[in-house]
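Asks: For reference, the chains in residue letters:
There are 2 protein chains.
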Amino acid sequence: MSDNKLQVIPLGGLGEFGMHMMALRYGDDIIVIDAGMMFPEDELLGVDIVTPDLTFLKENRERVRALFLTHGHEDHIGAVAFFLAEFDVPVYATAFTLSLVERRIEEYDLDRDVRLRPVKPKQFIEAGTFKVEFVHVTHSIVSAVALAVTTPVGVVVHTGDFKVDPTPTDNELFDLHTLADYGKRGVLLLLSDSTNADRPGYSESERAVRPRFEDIFNRSEQKLIISCFSSSIHRLQQIIDLSQEFGRKVAIVGRSMISVTEIAHNHGLLEIPDGLLIRPQDVAEAKPSRVTVVISGTQGEPMSALSRVAVDNHKNISVKSGDTVVLSSRIIPGNEKTIFRMIDHLAKRGADVMYGSMNPPLHVSGHGSSEELRLVLNLVRPKYFVPIHGEYRQLSKHARLAEHLRTVGLEETFVLETGDVLELDTNSARKAGRVTVGRVCIDSGAAGEVVGDMVIRDRRVLSEDGIVLPILAINRHTGKIESAPELVSRGFALESDAAFMRAARESVMKTLEGSNEEEKTDWGVMKEKIRADLKRFINREAERRPLIFPVILEI
Amino acid sequence: MSDNKLQVIPLGGLGEFGMHMMALRYGDDIIVIDAGMMFPEDELLGVDIVTPDLTFLKENRERVRALFLTHGHEDHIGAVAFFLAEFDVPVYATAFTLSLVERRIEEYDLDRDVRLRPVKPKQFIEAGTFKVEFVHVTHSIVSAVALAVTTPVGVVVHTGDFKVDPTPTDNELFDLHTLADYGKRGVLLLLSDSTNADRPGYSESERAVRPRFEDIFNRSEQKLIISCFSSSIHRLQQIIDLSQEFGRKVAIVGRSMISVTEIAHNHGLLEIPDGLLIRPQDVAEAKPSRVTVVISGTQGEPMSALSRVAVDNHKNISVKSGDTVVLSSRIIPGNEKTIFRMIDHLAKRGADVMYGSMNPPLHVSGHGSSEELRLVLNLVRPKYFVPIHGEYRQLSKHARLAEHLRTVGLEETFVLETGDVLELDTNSARKAGRVTVGRVCIDSGAAGEVVGDMVIRDRRVLSEDGIVLPILAINRHTGKIESAPELVSRGFALESDAAFMRAARESVMKTLEGSNEEEKTDWGVMKEKIRADLKRFINREAERRPLIFPVILEI
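Top line first, the protein sequences correspond to chains G and V. Per the working numbering, the first sequence starts with residue 17, numbered consecutively. Per the working numbering, the second sequence starts with residue 17, numbered consecutively.
Derived by calculation from the structure, the hints in this document are not laboratory data. Treat the hints with caution; some may be incorrect.
To be verified - So these bits of chain V aren't anywhere near chain G, every CB distance computed over 12 Å:
{"no.": "1", "residue": "138"}
{"no.": "2", "residue": "362"}
{"no.": "3", "residue": "416"}
Claimed, not checked - Chain G is faced by these chain V residues, among others (derived, beta-carbon under 8 Å):
{"no.": "4", "residue": "353"}
{"no.": "5", "residue": "368"}
{"no.": "6", "residue": "408"}
What the hints assert, rightly or not - Subject to a maximum C-alpha distance of 20 Å in a straight line, what follows is the list of computed EDC-like cross-link-like pairs (lysine to aspartate or glutamate):
{"no.": "7", "chain 1": "V", "residue 1": "147", "chain 2": "V", "residue 2": "197"}
{"no.": "8", "chain 1": "G", "residue 1": "364", "chain 2": "V", "residue 2": "419"}
{"no.": "9", "chain 1": "V", "residue 1": "336", "chain 2": "G", "residue 2": "419"}
{"no.": "10", "chain 1": "V", "residue 1": "364", "chain 2": "G", "residue 2": "419"}
{"no.": "11", "chain 1": "V", "residue 1": "21", "chain 2": "V", "residue 2": "45"}
{"no.": "12", "chain 1": "G", "residue 1": "353", "chain 2": "V", "residue 2": "433"}
{"no.": "13", "chain 1": "G", "residue 1": "496", "chain 2": "V", "residue 2": "433"}
{"no.": "14", "chain 1": "G", "residue 1": "74", "chain 2": "G", "residue 2": "104"}
{"no.": "15", "chain 1": "G", "residue 1": "364", "chain 2": "V", "residue 2": "433"}
{"no.": "16", "chain 1": "G", "residue 1": "364", "chain 2": "V", "residue 2": "428"}
{"no.": "17", "chain 1": "V", "residue 1": "364", "chain 2": "G", "residue 2": "352"}
{"no.": "18", "chain 1": "G", "residue 1": "496", "chain 2": "V", "residue 2": "436"}
{"no.": "19", "chain 1": "G", "residue 1": "551", "chain 2": "G", "residue 2": "529"}
{"no.": "20", "chain 1": "G", "residue 1": "364", "chain 2": "V", "residue 2": "436"}
{"no.": "21", "chain 1": "G", "residue 1": "496", "chain 2": "V", "residue 2": "69"}
{"no.": "22", "chain 1": "G", "residue 1": "353", "chain 2": "V", "residue 2": "317"}
{"no.": "23", "chain 1": "V", "residue 1": "364", "chain 2": "G", "residue 2": "436"}
{"no.": "24", "chain 1": "V", "residue 1": "496", "chain 2": "G", "residue 2": "433"}
{"no.": "25", "chain 1": "V", "residue 1": "353", "chain 2": "G", "residue 2": "352"}
{"no.": "26", "chain 1": "V", "residue 1": "353", "chain 2": "G", "residue 2": "433"}
{"no.": "27", "chain 1": "G", "residue 1": "353", "chain 2": "V", "residue 2": "352"}
{"no.": "28", "chain 1": "V", "residue 1": "496", "chain 2": "G", "residue 2": "436"}
{"no.": "29", "chain 1": "V", "residue 1": "364", "chain 2": "G", "residue 2": "433"}
{"no.": "30", "chain 1": "V", "residue 1": "353", "chain 2": "G", "residue 2": "317"}
All C-beta atoms, glycine included, are put in the ideal place defined by N, C-alpha and C.
Just chain G, same shape as in the assembly (with noise of 0.2 Å):
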């Protein structure tokens, strides 16, 4: 490349679902915006989670001078410990989203002092060439931000996630001022969020979910058990605020939920009232009608809290004939199944469930549709687009809502993929190349392991370590196993030790035996726990980590 030139390099997030992250460079100088994970698709059932391959950066170890945050989402964050762990550099985002990243970290136990830098919308932050603007958005997390770069060769905006929320439940509405504003000196280069491109229209206001949520406070005679998602401070207000006036004490549910609502109180963005909450363990002795419980688990992850109390499992709470369960969260694809076999166990077990799209919505999206996605075009009139966030789909529909700008100055978009290399000056854009990127899996084993042990696997090869497929028949029906678990394995050293493969059947004999009925009809729940369970075996009795891939043959 010749040293006066941008370049815009996708590292993870174009082309795929999640795992966000963007490099920009010029000369000597590298920043980084976000540092996402993703949730492995059902192929990589080995692994816990997908990070972006970092080797690019590794290149360049010397030029990378920042990490710049703009919300607090797994799908932004998730990799910012593995990032820390290899590159010694300031982390600038709100003080919000630095409290997340900060109880990742020490989950996992990273051993050196971290920088993280707390910055407020409209503050600057130089690092090496760049000059950086936080602009305050709305989205379904709070404290989430635009970047505004200031470059050599001019202005990158990078929308981060939003939504235009015309009436956000804190009362921060979105600063299209300050977009304006850069938008008429004159933008580059813009980078803006595709997630909801194929839809129509606006997307509703968080306010929206408010009438819904009455509607069932208001019919609700038992206990009501609600799900949304952790990070969702705006809707858990609303939850409690509603609580407060019906009269319901709240019990909050599940890690993830009860250290988030935790930061966003320590941090004055969730308001509650002294004396409403009740521990999880006193739900059961509360009258039913006069408690609210807050629980993690929309998307029926098989160790959720929600998807422990669908089959009875749960320690402290049960549900019961005339309870009702609302699912206030969207349904992420791929997840149908293991939702709806949630919410058969749940109906069977008596409740009222509430769930889908109804009118008024039980759920609205954080990402802006097509209408919202134009605003942000016509006020920030690039030269040049790059839509950003979406699988290959959105990013071309986003590519389409631009169209309508040629006439007042935009020269081109470009529908780039995790890796393209987009290259700038004061006046052209070409893609010039691709650099390394890939998915790092990692198998994060016990928690509170230092990054730096951790087994981060190159899926390369098949595992070192080897697989192993556990295989069982279940009757749908009964729950009843059909036949005595299998245990094939290719690679894994230890498959001709009969002695320590009768064991591990043994094992995954053990972890069917403590499962109920009604847990052996749900193949998600028993695939993760025989994943679990015989994964745990193999790494205490013989020191080995190879993939499990349970294969359960439903009959």
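Take the given structure of chain G and dock chain V to it, following the hints.
Replies: Below, chain V alone, put in the same frame as chain G:
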């Protein structure tokens, strides 16, 4: 059982998705309503289709009098061939439904005559002690009926699948009058479709898609490719009408699409103006702006016509920049990822892909929402009610929708699951044990096989021919295979035959080599191709049929 009791015995479709089948028994007479199939879930990748276990009927072989079919969807008729292989009884259905059944029977080459008896709405059929009236209903397929069954203890109304479409495109209205008559005279039991019981309000009329299609026809400047369910004759009629109005010829692509349109046309249920159709092989030569392609494959089925088009692997149809692709269908839960991958491929070819929910809609449901279900409940005013056709969550929602009928004669609602027996006499009803039910997995092998020869697997033992798991790692970004495929097997007779296993591995390699880079980035397509090719190889070379589960590690 005592002989003056009516038994209602769901053999499939209650508490599960698809595979509808219901038996009514009184004394020595049994009639069966519908004989459907379901497509296997991922967990059953080794098989092609799944049908209800017929054990109960076989145990009562001499009592089975007739099979009645409500309409021609696969989840209601897909198991008819297997049923007829066992039971030589007459099949009663509308002429169109029977034509769809005939097509399936021909495929399976059932080697004896079958008694298919066309029935018109308002006609009565006697079968043993039962008298069955056909009642016309509106649904997403033409010629759908409900059944009003007069039994010695009272009338049972079985709705089949329905919506209450006030303006069906063929102007054949839902016969509400007949239902109302039965309601007035007194109905013992209502069995009603619960598919959309979890949706509020009314489903839109089939005509509601017309404005959206008009808009698309107006804007499309190049080829217009529309995919819908092949059985959606109403939808096809609208597409054909609009193509005629807008001066586009119509090419019908995909095996099921061609055969169903032919059948509908022969029955006078689909009007196709002379000279409108062109052959798929002539599309490439035609002016793109003058062509509509109607194609099967809405669910992204890896081997479907549209999936092949998406990866540029179809012999007649290709997508060019500027073409419009419309998915006029719903996403069946579990298919999201496959469908979205297909859309991404189409978007990469430069097509504008229209999908998802919009207003006006691209697709409307064929099943009634809450208020339509209430309308039927109110008309029929049954003494007892059993919600049918749905997973537990839908059945329990439907049960709640009937609560208000308590004041006008509803005695009790029973939420049954497949296998539960409900026993009724003139003034009482109770659950009375269970019968043997289950899922039979059918590995159809080569097409044209005789039903009796087909391998019908009992999954209670892992297949007698064992299990083979081809394992490979594919780089998602490049489509490159990152390691030679491994073959892991268990209980497969030839696993110690090194030469055979090597040849089998080579067959997998050949499948990989014969796939283009785009297909290789799509694990859904690859799994299905590997499975099909390896199955064929092992069948041919070793005359074995192990279960084959490809495991793909995406990296």
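Asks: So, for every hint listed, does it hold in this structure?
Replies: Here's how the hints hold up against the structure:
no.: 1; hint: 138; in the structure: 37 Å, holds
no.: 2; hint: 362; in the structure: 8 Å, violated
no.: 3; hint: 416; in the structure: 7 Å, violated
no.: 4; hint: 353; in the structure: 5 Å, holds
no.: 5; hint: 368; in the structure: 7 Å, holds
no.: 6; hint: 408; in the structure: 4 Å, holds
no.: 7; hint: 147/V x 197/V; in the structure: 16 Å, holds
no.: 8; hint: 364/G x 419/V; in the structure: 17 Å, holds
no.: 9; hint: 336/V x 419/G; in the structure: 19 Å, holds
no.: 10; hint: 364/V x 419/G; in the structure: 17 Å, holds
no.: 11; hint: 21/V x 45/V; in the structure: 12 Å, holds
no.: 12; hint: 353/G x 433/V; in the structure: 19 Å, holds
no.: 13; hint: 496/G x 433/V; in the structure: 17 Å, holds
no.: 14; hint: 74/G x 104/G; in the structure: 12 Å, holds
no.: 15; hint: 364/G x 433/V; in the structure: 11 Å, holds
no.: 16; hint: 364/G x 428/V; in the structure: 17 Å, holds
no.: 17; hint: 364/V x 352/G; in the structure: 26 Å, violated
no.: 18; hint: 496/G x 436/V; in the structure: 18 Å, holds
no.: 19; hint: 551/G x 529/G; in the structure: 17 Å, holds
no.: 20; hint: 364/G x 436/V; in the structure: 15 Å, holds
no.: 21; hint: 496/G x 69/V; in the structure: 17 Å, holds
no.: 22; hint: 353/G x 317/V; in the structure: 18 Å, holds
no.: 23; hint: 364/V x 436/G; in the structure: 15 Å, holds
no.: 24; hint: 496/V x 433/G; in the structure: 17 Å, holds
no.: 25; hint: 353/V x 352/G; in the structure: 10 Å, holds
no.: 26; hint: 353/V x 433/G; in the structure: 19 Å, holds
no.: 27; hint: 353/G x 352/V; in the structure: 10 Å, holds
no.: 28; hint: 496/V x 436/G; in the structure: 18 Å, holds
no.: 29; hint: 364/V x 433/G; in the structure: 11 Å, holds
no.: 30; hint: 353/V x 317/G; in the structure: 18 Å, holds
In this structure, the hints that do not hold are numbers 2, 3 and 17, in rising order.
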